[in-house]
Amino acid sequence: MRNFTLKPLLFCTALAGMALQGTIKAQDITFRAAENEEAEAIGVNTSDGVPVVADFDNNGFMDLWAPGQTYEWRPTSEVNEDGSVKWDWTWYDDTKLSFNNGDGTWNVKNRDSGTGLPFAYGGISNKAFDFNQDGLVDFIYPSVNVGWTFEAKKALLLAINNGDGTFTMKEDAALSEINPSLQNNKWNQQIQNTTISIADYNKDGYPDLLIQFENENPWERAVWLFKNVEGDHFERVTDPFIPEFGKPFVPQCAGSISFGDFNNDGWPDIVSTGWGDGNEELGINGGGQVHFYRNMKDGTFQLADTDFGEINAISEKLNFPYGEEHFITVVDYDQDGKQDILVFGQTGFQGEAIYAQNGKVALMLRNVSTDEKFAFEEVETQLYPLSGANVRLASLADFNGDGWIDFVARGWNGDWHTAISSSTGSYDGYYITEDVPDAEDNTDPIRIKEAYMAHGDLNNDGLLDLFTQENCDRLSWTINTTEPDYGIQIPGAPEDVKAEYNSDTKQLTVTWAESYTPDTESKAFYNLYLKNKATGKTFMIAPANPENGKQLTYTAFSGYVNPTSYTFEGVEEGNYTVGVQAVTYSWQASEFSTTDVNLNENPTSAFTVVSTDPSGRKEIESLSHITLNFNEEAYPNAMEDAPAITLTNGASEALDITLKKVSGQAKQIQIILPPTIEAGTYTLTVPEKAVCRTNGDWNTTFTKTFTTTGITAYIPTGIEGDEGNYGSLKDFTLTFPEQTNAQVNPEATTLAYMVNNDNDYQVPATLSQGNRPNQTKLTLDEELKTEGSYTLIIPEGMIQRVIFTETTEENAENTTVLLTSPEIKYDYTIGLDFAPTGITPAAGKVFSLKDFTIKFAEGTVPQLNEESASQAYLLNSKNGNQVAATLAIGTNTTEIIATLAEEVSAEGNYTLVIPARMIQQTSMDEGDGTAEPTVKTEYAPNLKYDYTIGHDYEPASITPAEGTVSSLHEFVLQFVADTTYATINTENEDKAYLADNNGESVEEATLAAGDNPNEIKVTLANEVNTKGTYTLVIPAKMIQQSAGEENPTIVDYAPQLEFIFTVTDGQSIESTLNGASTAEVYTISGILIKKNATREDLKGLKKGIYIINGKNMLVK
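Counted the way the UniProt record's numbering counts, the sequence shown spans residues 1 to 1116.
Bear in mind the hints are in silico, worked out from the structure with no lab data behind them. Treat the hints loosely; a few may be bogus.
Said to hold, decoys possible - Below are the DSS-like pairs computed for lysine-lysine, each with C-alpha atoms no more than 27 Å apart in a straight line:
#1 LYS506 to LYS297
#2 LYS1091 to LYS506
#3 LYS227 to LYS153
#4 LYS227 to LYS661
#5 LYS247 to LYS227
#6 LYS689 to LYS338
#7 LYS936 to LYS785
#8 LYS109 to LYS227
#9 LYS777 to LYS170
#10 LYS109 to LYS777
#11 LYS845 to LYS661
#12 LYS338 to LYS533
#13 LYS317 to LYS227
#14 LYS667 to LYS1017
#15 LYS170 to LYS667
#16 LYS660 to LYS689
#17 LYS550 to LYS533
#18 LYS1037 to LYS1017
#19 LYS667 to LYS227
#20 LYS785 to LYS533
#21 LYS991 to LYS1017
#22 LYS373 to LYS550
#23 LYS1037 to LYS1090
#24 LYS1037 to LYS785
All values reported here derive from a predicted model rather than from experimental measurement.
Take these sequences, add in the hints, and give me the full structure.
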């Protein structure tokens, strides 16, 4: 395979006013097209997408996600003469995820591998980043709605890395507001390469999102900022930073956008170009514009255009044209510690360089800003300028490993050119390698397809390759064959790392010495992290491996730190490790230099579990996870000798559980249980020091029991082709719970089928694997079109829930069946269009069920079908029991009344079922007047309404907390604050009581309103201080939730509440101190009121409940 023939030129003209390094030997950059077998090993055979490049499995090598279209040998809907399924080559969608093993081999996952990744197309300007700061690389992907399965969405997709080779697609409400207008299946009027930027603009530790695009419905030029809310979800920022527009930013599209810290204050600012709206009040002219926004360090931005003089001055100076004629990149181009802006393409700036013909320039806006004012100087670089580069290839990075920035591009400059601008070791000189269009030996190995180029090191040699999803045979891979004169340059680790803390502002400022590459002396930029030593929680600017420093993706240069200092904001007290590493333009990086910081000097409140979900107070069918709710931000103890949280069964055997932080819920820890657990009682134990908070304090011991009846069947959560009335019936898709694998039972001997209500006609159905691991497709052997009522029946055991485990054989898996499906039924009708408009009570949550009013449209006269032999009924979803219902005509002629044989008030899920044809409407069809009128009868289809009877108003906590106490007398139930109003049900004659270990009542209890609207007080008739185990029992519906402080409407009731306590020694000061001479005293809300309290201090406490030495104590 030959390298391509090029024309070299060397430039060394000086850039005025720049501090320059000495010139090194010019370093050639060479490429070759990969051999077919090399490219095929990667396993990507999809086109029409841009790969996401990142180290998804943290093994030190870059992986690829490459969705798009494929050309495959697939089964068709036709059959051969022998009855076998006919196969043919056909177009299809796939979602290839290729893991780089580092030895030239790849582990390839496709659409059937259960990765959780969707079908998608497009992906220009995709960004990989650590959305939830868990050390795993997530990504966003701007997809377009094309393809063969019609499943690809026009949306900004957010994929969360689960760390096990799978992803969870985050359904983010804020991102769903994006409704891009598309041209040629591209966003932002086809100017998409630099329209998404990532940075932590508010410095809360979580990366935020900035995007420019053209929105439709409603149409607008959109510059939208999304705030990352603690790694849980995005929230669109809509504050009108520019009141004259009533928006955060000047509306623009068809340009470029980027974060960048232009005044070196450590807070990301913004630059945006493109076609923008004008504003007479501000004096902004409509058309091609460039705008700067200064970060005000309070979550807001300020338009900074007037820093450059008159508000239109910089736009008129650069005169960015409309269309695909320019793009920008933010980078410290001249290595002076300030982020510059490189502009490529056609502008109003008239270039003088030899290649600046046809109005094309490669212009640097050299940053000369101060703390108070943005300022830039226009300097023409010697990079090869091209227009149209933003829709072909334009990669600004170090391609020859010398640490200096190079430029590889494909675009228009009098003709189509491929050009390489390789640095000669300073930023005033480049070795230009140009592909001459009419050269006799023009064998260009750089594989190009419009807008689909990406770069990354795929063969793990430290050099950046180029690649594109150009065809459906293999990845079009252009291998970097450069032989670096000095070896791959890796900067030295930063030295003299220091940290200083300001407890008043909670700012931690880190400083360090400058770093350079060892042989070429290229100046590095920097990445930092802050790690809480007790919790292990780490906030990192750019995703990297904290152990070896390897970058986990190709973060934009604007996302790193250029000066040698950085300030972390909002740092609470605790023990921390700070890490700083140096990075070059090829993303080669040093290890992290670290320093430890101890800020844990002022311990605050006691730290404990306040509640769990489920509560454990009643039997539950399924126990798949338990959520622990703490009174402060909580993290599992990350130390090697940390005591383990355990869940044991009735035989005291410990289950295999996994701890997980709940994304976006700082005070929660989730315990993930095995896929299925047997019915029984389980004991959860959270020992002391198993969990810690941000300042390093440990939790107090906590135990609780849970009882489950167990899951005995694999039940679908829904069906595509919902029950109801249709014109015809053919295809269905069953969906089972997320994160499960559904498999058609290969040993099943029965068939699924569709049967009519007269049971005299059946159509067999075929089951097959769905597009997702948790889906099963069902296809009728023939399409049903005949009017009538039908039931789809899938016999018991036809679908299995399975798990796959690897075997010692290559690419082999074992399949273990966990559950099988019960008999599954769905009711349908064809052509029965007399449907009601509503029902009272409305489907949903109710307190009891007896009478229903089914409403039809005005002007209709519903009647009962006397010939129907069907029976309406209420179905108990758990046990299948039915309560008969009778139908009658209502007092209003448009209504039908359904009445149950008995009132139902037991908690559970229920479905009211009224079979098809039980309700009808008869009318006269006059026709066209030439014939006798005919009687026309319309029938109602199957009617189903789902209800839940339940009392779910449970307290968030009780004081004293469940567990060990020294006596029992007064309790306070705390429900969710500020959102609920707890009241006593005066119509309920039940009594609360305290029961002993045998279930016998030993003391009655009275209920009263608490001091706050969300509190209920419970008082025993007499104090109990006798040793033993007791249960406080508050019968169901004694406590109710009202709609408001002044609104008595009942919203919900509390179920029966049970709280278990163990009374030990009497509540004496000696037992409270437990041998210590002093104690720390907190209020029940966790506020420290007395440190090192003595016996005399404890005796002088006022009446109330306190936390003393981690235990609740009642002072009377």
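Would you mind confirming whether the straight-line C-alpha gap from LYS373 to LYS550 stays at or under 27 Å? violated (36 Å)
Satisfaction of hint between LYS1017 and LYS991, Cα-Cα up to 27 Å: The hint holds at about 14 Å.
Restraint check for LYS936 with LYS785, where alpha carbons must lie at most 27 Å apart: Holds, because 20 Å separates the two Cα atoms, which is no more than 27 Å.
Pair hint outcome, LYS109 versus LYS777 [Cα-Cα no greater than 27 Å]: holds (21 Å)
Assess, step by step, whether the Cα of LYS667 is no farther than 27 Å from the Cα of LYS1017, and give holds or violated. holds (26 Å)
Distance restraint between LYS338 and LYS533, which requires alpha-carbon spacing of 27 Å or less: Given that 27 Å is the threshold and the Cα spacing comes to 32 Å, the pair is violated.
Do the alpha carbons of LYS109 and LYS227 lie within 27 Å of each other, as the hint requires? violated (32 Å)
Is LYS170 within 27 Å of LYS667, Cα to Cα? Measuring from Cα to Cα gives roughly 21 Å; hence the hint holds.
Would the pair LYS1037 and LYS1017 pass a check requiring their Cα atoms to be no farther apart than 27 Å? holds (16 Å)
Can you confirm whether the C-alpha distance between LYS777 and LYS170 stays at or below 27 Å? Roughly 24 Å separates the two Cα atoms, so the pair holds.
Do the alpha carbons of LYS660 and LYS689 lie within 27 Å of each other, as the hint requires? holds (17 Å)
27 Å Cα cutoff - pair LYS247, LYS227: Holds - the C-alpha atoms of LYS227 and LYS247 are around 15 Å apart, at most 27 Å.
Hints 6, 8, 11, 12, 13, 20, 22, 23 and 24 from the list above are not met by this structure, while the remaining hints are.
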